[in-house]
Each structure stands twice: as structure tokens, then as C-alpha cells.
Amino acid sequence: MRRGRGQGHREATAPIRSNMTPMIDVVFLLIIFFMLVAEMSRARLVDLEPPRLSDPASVEIDAERAVIVQVLPESMGGGYRLGDRAFGGDAASLEALGAALRERMLAVGDVPVLVRASHAEPYERVAPAIRAAGRAGVTRVQLVALPERGT
Amino acid sequence: MTGRRESESEAMDAHGWEGERAVEPAHDAVVEAERRTRPRGSALPVMSLNLVTMIDVVFLLLVYFMLATDFRTPEEAVPLDLPTRLTAPADPLALPARPIEVFVETMGEWRDEYALRVEGGGLGHVRTVQMLRIDTEIRRGMDLGDDQPFVVRPGAGTNWEHVLAVYNALRGAGYARVRLAEPGGEG
Numbered sequence: 001m002r003r004g005r006g007q008g009h010r011e012a013t014a015p016i017r018s019n020m021t022p023m024i025d026v027v028f029l030l031i032i033f034f035m036l037v038a039e040m041s042r043a044r045l046v047d048l049e050p051p052r053l054s055d056p057a058s059v060e061i062d063a064e065r066a067v068i069v070q071v072l073p074e075s076m077g078g079g080y081r082l083g084d085r086a087f088g089g090d091a092a093s094l095e096a097l098g099a100a101l102r103e104r105m106l107a108v109g110d111v112p113v114l115v116r117a118s119h120a121e122p123y124e125r126v127a128p129a130i131r132a133a134g135r136a137g138v139t140r141v142q143l144v145a146l147p148e149r150g151t
Numbered sequence: 001m002t003g004r005r006e007s008e009s010e011a012m013d014a015h016g017w018e019g020e021r022a023v024e025p026a027h028d029a030v031v032e033a034e035r036r037t038r039p040r041g042s043a044l045p046v047m048s049l050n051l052v053t054m055i056d057v058v059f060l061l062l063v064y065f066m067l068a069t070d071f072r073t074p075e076e077a078v079p080l081d082l083p084t085r086l087t088a089p090a091d092p093l094a095l096p097a098r099p100i101e102v103f104v105e106t107m108g109e110w111r112d113e114y115a116l117r118v119e120g121g122g123l124g125h126v127r128t129v130q131m132l133r134i135d136t137e138i139r140r141g142m143d144l145g146d147d148q149p150f151v152v153r154p155g156a157g158t159n160w161e162h163v164l165a166v167y168n169a170l171r172g173a174g175y176a177r178v179r180l181a182e183p184g185g186e187g
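Residue numbers (our numbering), protein chains in the order written: chain A, 1 to 151; chain B, 1 to 187.
Among the clues, some could well be false.
Claimed, not checked - Partner residues aside, some chain B positions facing chain A, computed with beta carbon under 7 Å: (1) D28; (2) E32; (3) L60; (4) M66; (5) L67; (6) T73; (7) L82; (8) E119; (9) G120; (10) P154; (11) G157; (12) N159; (13) P183.
No lab work stands behind these hints: they were computed from the structure. Note that the coordinates shown come from a computational prediction; the quantities given were computed from them, not determined experimentally. Yeah, the Cβ is synthetic: ideal placement off N, Cα and C, and Gly gets one too.
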């Protein structure tokens with residue numbers, strides 16, 4: 001019943017088909033993989049909810065160039081965060097935060113410093129971050145919020 | 001047993017390429033099942049659609065678009081200009097305008113649970129952020145100057161949410177010289 005290999009000339013006339021499906025599968029998997037990697041390597045934002053503003057006077061954030069100072073909520077141990085570096089809440093740590101900020105501003109040029117804090121944060125804990133920016137010679141600060149615009 | 005062998009080889013012939021059988025066993029099973037249910041003697045070609053690979057790709061697309069979509073509202077930022085000692089006033093002889101002071105204090109954990117009080121500028125009646133925004137916007141350029149300075153003075157333990165709401169209202173009304181006072185001090 002089975003035809004031998006000797007009749008290879010008949011097989012040669014058969015159309016050559018390539019199965020694209022596994023290739024597409026793998027390509028999509030690669031895309032998803034690299035998207036996930038890109039997501040993780042992005043500047044890490046602390047999981048906090050900034051204040052919601054109705055009728056906001058806010059502007060879009062230039063995420064590529066932004067220097068972000070984050071006020072860590074009490075549940076995360078308090079303190080502040082600039083990039084990947086964490087700072088405590090005492091005077092010496094704030095001094096260090098100011099120095100790090102000045103260093104950073106020298107490196108990136110004249111960009112606004114974003115201050116990102118939770119909506120429930122007491123003002124006493126946000127003000128030192130703004131003051132540290134002022135001491136570091138920053139003139140433009142931006143306060144991060146979630147805009148609520150009418151649909 | 002022989003019947004099965006025959007149908008297998010027929011299926012192979014239909015494909016024309018032996019190697020494909022190994023990659024698509026599910027497809028072959030479908031072909032064979034249809035061959036069995038078909039009435040004997042019928043010479044109709046087998047119509048079959050392999051759904052498995054399509055479902056694979058559709059799920060991948062689904063995951064791709066779920067990842068690509070950002071479901072959260074994008075964050076924005078309200079600009080705040082910090083005073084610098086280097087900037088001199090435009091007219092050194094002009095009298096500095098007396099800043100209007102806005103006191104705000106948190107009364108509860110909700111967004112509208114705050115107390116607001118304004119000193120100066122005839123804005124003593126203002127009690128809410130919305131009112132502050134409207135009243136200062138209407139009077140800008142009339143009895144309040146375009147560059148009227150404001151100071152936001154949060155009380156002890158005021159939530160950042162309420163401070164920012166007041167600040168945002170004044171910025172939204174068009175005033176650029178709004179300052180956040182130091183907590184607890186005269187600053």
C-alpha cells in the first residue's frame with residue numbers, strides 16, 4: 001500500500017507549504033515578552049493614589065525626562081524616594097535628598113521636578129520634599145494629581 | 001485494522017506531504033472522524049477547519065492588547081514655581097501687594113470634608129474650593145490684580161488632597177503667584 005521513497009519525483013510536484021502559525025505564535029510571545037520587560041524597567045512608581053482634581057489646572061507629564069520625588073506613605077515606611085534611592089524623613093536624610101536632587105539636576109538639565117504624594121498624606125510630610133527641591137536650586141516643581149475631566 | 005491503515009494513508013495522500021501529519025494530529029483526527037461518518041461511496045472532498053491554532057493566535061492577540069492598554073487615568077501635574085532670591089521685582093518702587101491668605105484644614109477623610117477660610121481681598125464668605133475658584137476668577141483684573149499673590153496655609157495634619165485642591169483652584173483661576181506656606185509656621 002505504502003508508496004516507496006523511490007517515487008520521489010511524485011512528491012516533488014506536491015506544493016510546498018510552510019506553516020506560518022507556529023511562527024506567528026512565537027513572534028507574538030516575543031512581543032509580549034519584550035513589552036513586559038520594558039514595563040518593568042520603566043521608572044518605578046510607588047503604588048500610591050495621588051489626589052483627584054476636578055476642574056484641573058494640570059499639564060501633561062513628560063515622563064521621559066521627569067525627575068520624580070515620591071513621598072512614601074506610612075504603610076511603606078515613610079520617607080522619600082528619588083529614582084531608585086530611598087531617603088528617610090529626618091533632617092540629615094532630607095539634606096541628602098537635596099544633594100542627590102542637585103546632582104540629578106546638573107545631569108539632566110532644566111527639567112521640572114515632580115512631587116508625587118498620596119492624597120491622604122499629611123501636608124507636613126509633603127512640604128519637606130518641596131523645600132528640598134527649592135534648596136537644591138529647582139525653580140519649577142510640579143505636583144502630581146489625577147485629573148477628573150467631564151466626559 | 002486494515003481499514004484504519006487505509007484511511008490513514010488516504011489522509012496522507014490528501015495532504016500530499018508526509019511530514020505534516022506529525023504536526024497536525026488533531027487535524028488528522030478530524031479528517032478521519034469525518035471520513036467515518038460520511039456515507040459510503042460519497043466522493044465529496046472533506047471540508048475541515050482547524051480551530052486550535054486560530055484560538056492560539058486569538059488568545060495571544062487578546063493578551064497583547066490587554067497589555068498595551070493602560071486602564072488607569074494618566075497622571076498629570078500642577079505647576080508650582082518656587083521663589084528664587086535672584087529674581088528682582090520688575091518695579092523696585094512698587095508697593096508689594098499684600099497676599100491673600102487661604103487657610104485650609106482637613107475635617108474628615110473624604111475629599112469634600114475640609115474647612116476653608118480666606119483672609120483679605122474681600123473673600124471672607126468663601127467656604128468651598130469651587131467658590132474660591134469662581135470668585136477669584138471673576139474678580140481677576142478687577143479689584144484683584146492679575147498678579148495678586150496668594151498664600152495657602154494648611155493647618156496641622158491637613159491632607160495633601162485638600163491642600164492641592166485649594167492650590168489647583170487658584171492656579172485654575174489664573175493666578176501664577178500662589179505659594180504654599182510652611183506647615184505650622186509663618187513661612
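Hints, one by one, checked against the model:
1. D28: violated, 14 Å
2. E32: violated, 16 Å
3. L60: holds, 4 Å
4. M66: violated, 10 Å
5. L67: Because about 5 Å separates B/L67 from the closest Cβ in chain A, which is inside the 7 Å limit, the hint holds.
6. T73: holds, 5 Å
7. L82: Since chain A brings a Cβ to about 4 Å from B/L82, closer than 7 Å, the hint holds.
8. E119: With a closest approach of 19 Å, the B/E119 hint is violated.
9. G120: violated, 21 Å
10. P154: holds, 4 Å
11. G157: Holds, about 5 Å.
12. N159: holds, 6 Å
13. P183: Holds. Min distance 4 Å.
Taken one by one, the earlier hints fail for this structure at numbers 1, 2, 4, 8 and 9, listed in ascending order.
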